Amino acid sequence: MADKNVLIIGGGVAGLSAAVELAVLGIHVELVEKSDFLGGHAIGYACKAIDNTCVKCGACMVEEKLQSAVSHPNIKVLRGCQIQDISKNHRFSASIRQEPLVIDRKKCTNCGLCLDRCPVDRAILQGFSKNNHPFYAVNKERCLYFKDHSCTICKDECPETAIDLDKSASEHTIEADAVLIATGFQPFNPKNKPYGYGRFKNVVTALELENMLKRSGGAKKPSDDKPPQKVAFIQCVGSRDAKLNHLWCSKVCCGSALRMARLVRERQPETEVTFFYIDVQTFGKDFEPFYREVREDIRMIRAIPADIYETEDQRLKVNFVNHPLHETREDIFDLAILSVGITPGEDIGTLSRIFEVDPDEFGFLKGEHKKMPVSRNGVFTAGTVQGPMSIPEAIATAGSAVWGIIQYLKR
Amino acid sequence: MTSPSEIIDMDRLDHTRCRTWPFLQDFCVTCGMCASSCPASGIDGFDPRMLVRMASFGLVEDLVDARWPWICTMCGKCENVCPMQIEIPDLVRNIRSRRDREKVPGILHKGLVAALETGNNLRLPKEDFIFIIEDVAEEVAEEPGFEGFKAPIDKKGANILTTIHNKLVNTHTEDLKHWWKIFHAAEEDWTATSENWEGTSWGYFTGDDDAMKVMAGRIVEQMERLEVNTLLWPE
Amino acid sequence: MNNTTLILGNGPCAGIVAENLLTAGAKIIIATRDDTCNFDGSADTGALQIMTQTRLISCKGSVGNFRIHGTQKNKPVTIDAGRVIISEEDQRMPNFSLYGLNGSSNVITLSQMKHLLKDSSSEKTILSEIKKVVFLSGLVKESTPIIAKDVMLFSLLLQKDSNIKTYILTKNLKVAGDGLESLYRDTKNAGTIYIKFTDVAPDIHQNDEDPVRIEFFDEITSKNFRLTPDMTVVDESIVPSEYASDLAKIFDIEIDLSGFVQADNVHRYPVLTNRKGIMVAGPSRSIRDVDDQRIDAENAALAVTGLSGEETKAQKAQVHDGQCIRCLTCYRLCPYHAITLNSRVVVMPDACERCGICATHCPRHAVRIADLEPEAMSALIGTGGGIDKQQTFVPFIVAFCCRRSAARARDLAVCMGYHLPQGLRIVEVPCSGALSYDHIFGALGNNADGVMVLTCHKGNCHSEQGNIYADQTVAQIREMFSRIGFEKERILIQTLASNMGAEFARIAGRFEETIKELGPSRLKKIGLSENSTPTKSKIGKRK
Numbered sequence: 209m210a211d212k213n214v215l216i217i218g219g220g221v222a223g224l225s226a227a228v229e230l231a232v233l234g235i236h237v238e239l240v241e242k243s244d245f246l247g248g249h250a251i252g253y254a255c256k257a258i259d260n261t262c263v264k265c266g267a268c269m270v271e272e273k274l275q276s277a278v279s280h281p282n283i284k285v286l287r288g289c290q291i292q293d294i295s296k297n298h299r300f301s302a303s304i305r306q307e308p309l310v311i312d313r314k315k316c317t318n319c320g321l322c323l324d325r326c327p328v329d330r331a332i333l334q335g336f337s338k339n340n341h342p343f344y345a346v347n348k349e350r351c352l353y354f355k356d357h358s359c360t361i362c363k364d365e366c367p368e369t370a371i372d373l374d375k376s377a378s379e380h381t382i383e384a385d386a387v388l389i390a391t392g393f394q395p396f397n398p399k400n401k402p403y404g405y406g407r408f409k410n411v412v413t414a415l416e417l418e419n420m421l422k423r424s425g426g427a428k429k430p431s432d433d434k435p436p437q438k439v440a441f442i443q444c445v446g447s448r449d450a451k452l453n454h455l456w457c458s459k460v461c462c463g464s465a466l467r468m469a470r471l472v473r474e475r476q477p478e479t480e481v482t483f484f485y486i487d488v489q490t491f492g493k494d495f496e497p498f499y500r501e502v503r504e505d506i507r508m509i510r511a512i513p514a515d516i517y518e519t520e521d522q523r524l525k526v527n528f529v530n531h532p533l534h535e536t537r538e539d540i541f542d543l544a545i546l547s548v549g550i551t552p553g554e555d556i557g558t559l560s561r562i563f564e565v566d567p568d569e570f571g572f573l574k575g576e577h578k579k580m581p582v583s584r585n586g587v588f589t590a591g592t593v594q595g596p597m598s599i600p601e602a603i604a605t606a607g608s609a610v611w612g613i614i615q616y617l618k619r
Numbered sequence: 573m574t575s576p577s578e579i580i581d582m583d584r585l586d587h588t589r590c591r592t593w594p595f596l597q598d599f600c601v602t603c604g605m606c607a608s609s610c611p612a613s614g615i616d617g618f619d620p621r622m623l624v625r626m627a628s629f630g631l632v633e634d635l636v637d638a639r640w641p642w643i644c645t646m647c648g649k650c651e652n653v654c655p656m657q658i659e660i661p662d663l664v665r666n667i668r669s670r671r672d673r674e675k676v677p678g679i680l681h682k683g684l685v686a687a688l689e690t691g692n693n694l695r696l697p698k699e700d701f702i703f704i705i706e707d708v709a710e711e712v713a714e715e716p717g718f719e720g721f722k723a724p725i726d727k728k729g730a731n732i733l734t735t736i737h738n739k740l741v742n743t744h745t746e747d748l749k750h751w752w753k754i755f756h757a758a759e760e761d762w763t764a765t766s767e768n769w770e771g772t773s774w775g776y777f778t779g780d781d782d783a784m785k786v787m788a789g790r791i792v793e794q795m796e797r798l799e800v801n802t803l804l805w806p807e
Numbered sequence: 005m006n007n008t009t010l011i012l013g014n015g016p017c018a019g020i021v022a023e024n025l026l027t028a029g030a031k032i033i034i035a036t037r038d039d040t041c042n043f044d045g046s047a048d049t050g051a052l053q054i055m056t057q058t059r060l061i062s063c064k065g066s067v068g069n070f071r072i073h074g075t076q077k078n079k080p081v082t083i084d085a086g087r088v089i090i091s092e093e094d095q096r097m098p099n100f101s102l103y104g105l106n107g108s109s110n111v112i113t114l115s116q117m118k119h120l121l122k123d124s125s126s127e128k129t130i131l132s133e134i135k136k137v138v139f140l141s142g143l144v145k146e147s148t149p150i151i152a153k154d155v156m157l158f159s160l161l162l163q164k165d166s167n168i169k170t171y172i173l174t175k176n177l178k179v180a181g182d183g184l185e186s187l188y189r190d191t192k193n194a195g196t197i198y199i200k201f202t203d204v205a206p207d208i209h210q211n212d213e214d215p216v217r218i219e220f221f222d223e224i225t226s227k228n229f230r231l232t233p234d235m236t237v238v239d240e241s242i243v244p245s246e247y248a249s250d251l252a253k254i255f256d257i258e259i260d261l262s263g264f265v266q267a268d269n270v271h272r273y274p275v276l277t278n279r280k281g282i283m284v285a286g287p288s289r290s291i292r293d294v295d296d297q298r299i300d301a302e303n304a305a306l307a308v309t310g311l312s313g314e315e316t317k318a319q320k321a322q323v324h325d326g327q328c329i330r331c332l333t334c335y336r337l338c339p340y341h342a343i344t345l346n347s348r349v350v351v352m353p354d355a356c357e358r359c360g361i362c363a364t365h366c367p368r369h370a371v372r373i374a375d376l377e378p379e380a381m382s383a384l385i386g387t388g389g390g391i392d393k394q395q396t397f398v399p400f401i402v403a404f405c406c407r408r409s410a411a412r413a414r415d416l417a418v419c420m421g422y423h424l425p426q427g428l429r430i431v432e433v434p435c436s437g438a439l440s441y442d443h444i445f446g447a448l449g450n451n452a453d454g455v456m457v458l459t460c461h462k463g464n465c466h467s468e469q470g471n472i473y474a475d476q477t478v479a480q481i482r483e484m485f486s487r488i489g490f491e492k493e494r495i496l497i498q499t500l501a502s503n504m505g506a507e508f509a510r511i512a513g514r515f516e517e518t519i520k521e522l523g524p525s526r527l528k529k530i531g532l533s534e535n536s537t538p539t540k541s542k543i544g545k546r547k
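Protein chains in written order, with our numbering: chain V, 209 to 619; chain G, 573 to 807; chain P, 5 to 547.
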């Protein structure tokens, strides 16, 4: 099968997993990733081991798949790429647009000087893995040069002259015998929920907490970088919501939040944690003992708060009904973490059009694959583009897709 | 009303009683956001989540007899946050509507009856109403800058028709002056009406939709009679 | 190298595995204890062999060469296969006793309700007598989405088709599955009433054939209610079949806490076991719904396909006959069952994963992995630390890092810009199970001021046990040191994962502080020169 080529769209855990499985079998893979970094969302998740014991969240698996993928000779990665269109004769022919990768990966030594010197917050982004190379990327939405050419500090200061702000976009065509769509999900943006996200510094999403834990090993208040005394987790934000037509449970947020809650408690024992929920979902194979322990460790309230207001010193007043009592309480927290739901990726519409695959009623792309083992038209899906799922499940769907691809390539 | 220790036999409850109600109360997932947002949560041991569930169970009598549905301010925060789009304020009104009218709290129904019979909550006769309006208008005209001020009544073809809250011709007549002065300064062409001028519509609070229809209908009638297109209803 | 795959199982999952492999042109044997085989796919003769009434007894060999003994129709039989896929079905155990109930005509299980709902006249009669059904689910032990789906589906059918009032009593409603939130909504639309409990459970009373009486406090309305259903349906626990645990023993495969045939270890995902060439799919490995079972089956088929070309050039464990005394320690300890006993003890290279546990535990140093021997590792350690230009003591810290976790965490720490101790030397090992006393003493002998052993987390070790043995070794060394007056704080063991860059930096930084306070190791003054290689220590198990 060494003459076969598979195009994988999306460099998250599902895409990387599938790439490795295909490569090991001798099939060539071209993996296109939209952003500057491989690993999707999950590469930014922290290890949540407690008491020196793995909690099976799967975050380290992402690192492992990424490591295998970047080192395998059969896998070619193109970052900054988005698919424009696709046509098919005997093979697929995909036209790809590659946004300029401003930092040259051959020259960059990951010294980090660009980030140090950049005057704008979050205009230079950091990766999450040593296999994110370069470890830095220019965020064109915030960078001043891309707004009005007013700043070239990073380019000027880079000791390796690795930054070329004027690099232009390029077009590529990729020929492939099969295509795997593994474009992942979009976390729900809670800015329209009454929790002050985007206005109050100390209201963050669960993914932002994951990133925080990964980068620094502990939870910190964004307002002053100090550890929080009282932390609130609010579940089901953007899920189980008929008003938004998000009539699904995002499956993984209970597990993620409870594991992070215990991690925070272990690292920062003075911190109090409150968990606001509707129904706790089962996760992992030893859920029962974990659930028992976590209930003794944190305060769990079976009601969702209705709003958050900010105090003068950027603390958060959270209003909630004190289940099972009927009265409302207003408690003050230092940090509120919104467990935002897994929603369809922003490119579903484009992908659906290009590949003529219909999204389901909620906008997820199951593709033919969920119903048939082998796709008739050579297009497969894997990972959270299909719907909410955990990291191990995403890896499993990737394996499943690869099996389908192999059968398809053989016929 | 059931007492706390009493055990309710679910056999006796007809859960389908309220299933025909269009408020979507059956879709509640008991997330508690309504109760978290409600300013009246906890009063009488009630909260909107409890109310929705009792409706879902068919515990209608308990709800009709309870005081809390009348404490609800109808602010609508609950409905605003509810992820299942349950129309809780409408549910509350429906429960209110099921009480015998003589059991409606306070003067709400009495005032409504007065308004239905006489056109205003106070049973204030027309001449007395006109006298009060003209009297207050004279006081306004005495103030510098408002010379010649007159409060129009039954002016045909005016731009705006305004209703009047009964307290403004009873205990709070001074408050009439504030917005009359604004009208004057803006050179607005407005009018009040000599009959059916009542701005409150307590049928809204007591869950009396028929009464609301009558009260609204009367105002529309006035607008048609006076050929005014815009209504200012500051209630 | 045998290319046949042995599939164990007779349910839908085994069927999908078989179907997939046959489509791919593989040769398979399906073996089941049952009298008849349910697989009805067609195949070229020679590609498919079906064995019914077959029970396995033992398995020898390694990937590509499994020799399995069993009985077929009670007569001895031998099966040769290159791979094995275990895909037996699970079983559902009724939870009557959890709720204090006995099964009866009006207290049944979910499976029995499923049967009732199938189209059959006798069942319709039973249902026509019933007006109220209560489902008890997840009130003592937490439920799962698979059970929740059954409960909600049956409730929906009863409400819609038979106009029966249904109540679902549960603690946490499980909706973490495709379509379950919509199903929940549909049941509510049909009139199902849910009572959810948080800390308190309902009181359930049963008196012979009288209707069950359930009394409970509803948290949302703060009222007490009584239910006397005509039919009570209790949920079930999904557990592995008993045969599965037999198979686990026969194949020497790790099981998880519930008895499913796969360690609860992320390295095994999705269908691997601790033995190369033996996969487990579907209900044998975990509670899996129908879609997940198909995904498992396809992954198992893929794993079979992918196993051929995976050879590493690294050295495997080898037994040096002259030293071996057949104590069988290595045989018992090998997590991958890579050691076989014939007339001699032999390591099967294909199965060996170089964890090193055999070598560290062999009392005679007969089993060795050449490049992981203490001398070889010492050469990697070299020297370091010392006194810097400002006359400050720079501790020489040797960190034995498991390559899968700590070594990568260190790389991430560097990437993230964390400062690491100047005198830190990383020595990568494939598994911390390869670390013996001699490795650690060797580091100290190489003038290390402190030694860190950084392993994978418990439950995350690829060989499941390597980090546990390392933990024991370090604990023994520290205990010994404190008795002989050497600072036990110079040896540290800590668990890490590959993505813990910040924590690596913090651990290394704190350890450096500790060593700075302790000062240079006194072993340096005992005359061990920079270039000497340590003699094999006489302390400890080795000779």
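Honestly, the hints are just simulated from the structure, not real lab data. There's no promise every hint is true.
[As the list claims (entries may be wrong)] Computed list of lysine-lysine pairs in DSSO-like fashion (alpha-carbon distance at most 30 Å, straight line):
1. K493/V with K77/P
2. K136/P with K434/V
3. K493/V with K145/P
[Unchecked claim] Distance windows between CB atoms, simulated:
4. N652/G with H119/P: 44 to 50 Å
5. Q476/V with D672/G: 58 to 64 Å
6. G789/G with G571/V: 43 to 49 Å
[Stated by the list, open to error] Stretch-level coverage of chain V by chain G, calculated; a stretch enters the list once three of its residues show a Cβ under 8 Å from a Cβ in chain G:
7. 437-450
8. 514-527
9. 532-542
On a predicted model such as this, the values are computed, not experimentally measured, just so you know. A virtual CB, placed ideally from N, CA and C, is assigned to each residue, including glycine.
Looking only at beta-carbon atoms, does the pair G789/G, G571/V fall within the given range of 43 to 49 Å? Holds, at about 46 Å.
Straight-line alpha-carbon gap K493/V to K77/P, limit 30 Å: violated (36 Å)
Under a C-beta cut-off of less than 8 Å, do 3 or more residues of the stretch 532-542 of chain V approach chain G closely enough to confirm the stated coverage? holds (count 4)
Is the gap between the beta carbons of N652/G and H119/P within 44 to 50 Å? Holds, since N652/G and H119/P (Cβ atoms, about 46 Å apart) stay within the stated range.
With a cut-off of 8 Å between beta carbons, are at least three residues of the stretch 437-450 of chain V near chain G? Our answer is that it holds, as 4 residues pass the Cβ test (under 8 Å) against chain G, meeting three.
For the stretch 514-527 of chain V, do three or more residues have a beta carbon lying closer than 8 Å to a beta carbon of chain G? Held - the stretch 514-527 of chain V has 3 residues with a Cβ nearer than 8 Å to chain G, which meets the minimum of three.
With a cut-off of 30 Å on the C-alpha distance, tell me whether K136/P and K434/V pass. violated (56 Å)
Assess, step by step, whether the Cα of K493/V is no farther than 30 Å from the Cα of K145/P, and give holds or violated. holds (13 Å)
Distance restraint evaluation - Q476/V, D672/G, Cβ atoms, bounds 58 to 64 Å: holds (59 Å)
Figure legend: structure checked against the earlier numbered hints; hints not met, in rising order: 1, 2.
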